[in-house]
Amino acid sequence: MVTRTASNQHNDQVVEVNLTALYSDAIHVRSVRPPEPGRVVGLQLYFPNFKEAVAPLSIVAERTYGANPGFWAEFAGNDGAKDRIPALLALHRERPNRSCRRFHTHLQATIRQRGQPQSDGHVTNISQTGAFVRLESLPPKRVVVELDLAYPDDETPFAVLAFVVHVAPQRGIGVQFIGAADEFRARLDRYLAQLEQI
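Under this note's numbering, the first residue of the sequence shown carries the number 5, and numbering increases by one thereafter.
Note that these hints are calculated values from the structure, not bench results.
Since the structure is predicted, the reported quantities are computational estimates derived from the model, not experimental observations.
Straight line, CA to CA, 25 Å or less: simulated SDA-like cross-link-like pairs of lysine to any residue:
1) Lys-145 <-> Gly-119
2) Lys-145 <-> Ala-163
3) Lys-145 <-> Gln-174
4) Lys-145 <-> Val-169
5) Lys-145 <-> Pro-121
6) Lys-145 <-> Arg-118
7) Lys-145 <-> Phe-188
Using the sequences and the accompanying hints, generate a full structural model.
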């Protein structure tokens with residue numbers, strides 16, 4: 005499941021993030037720079053196999069830190085958007101599967117982590133929400149790293165912040181994309197569309 009969030013108070017900014025928990029009345033969103041409690045944010049929730057985004061108006065309830073940085077937001081408003089979420093959650097439970105299709109690939113990648121030397125490797129599978137990166141030097145679980153992806157025929161790599169959700173010793177790391185800019189998302193979508201046709 006993919007989430008986009010935009011603050012509608014001061015400094016409007018659209019950021020691609022990933023949720024970690026979703027209930028009928030609240031959501032937890034993983035974010036490097038969570039908004040302040042009390043701030044109204046517009047969320048767009050993209051459910052698998054459901055083409056339209058659900059966009060409930062939400063209010064930031066609290067920030068979270070440590071192993072799961074981000075924020076909790078409570079759904080507000082009476083436009084009907086929040087009323088669609090319980091039905092979509094029920095449908096998602098009836099058809100359990102990965103929220104986004106994964107594709108095998110081989111993209112050059114670089115991982116940077118504050119205070120550590122950069123580590124070069126390659127992505128072996130990728131989806132709209134994350135990737136598995138083969139590396140020799142592995143960062144620990146639950147840290148935020150910067151990931152550069154080099155797509156075929158592109159001169160400049162595309163960068164995204166990524167949260168390490170899984171570490172496979174002597175193999176690599178599973179990461180979840182957080183804070184993806186529109187340029188990164190657009191290029192990833194084009195690449196996934198190409199892989200879908202193979």
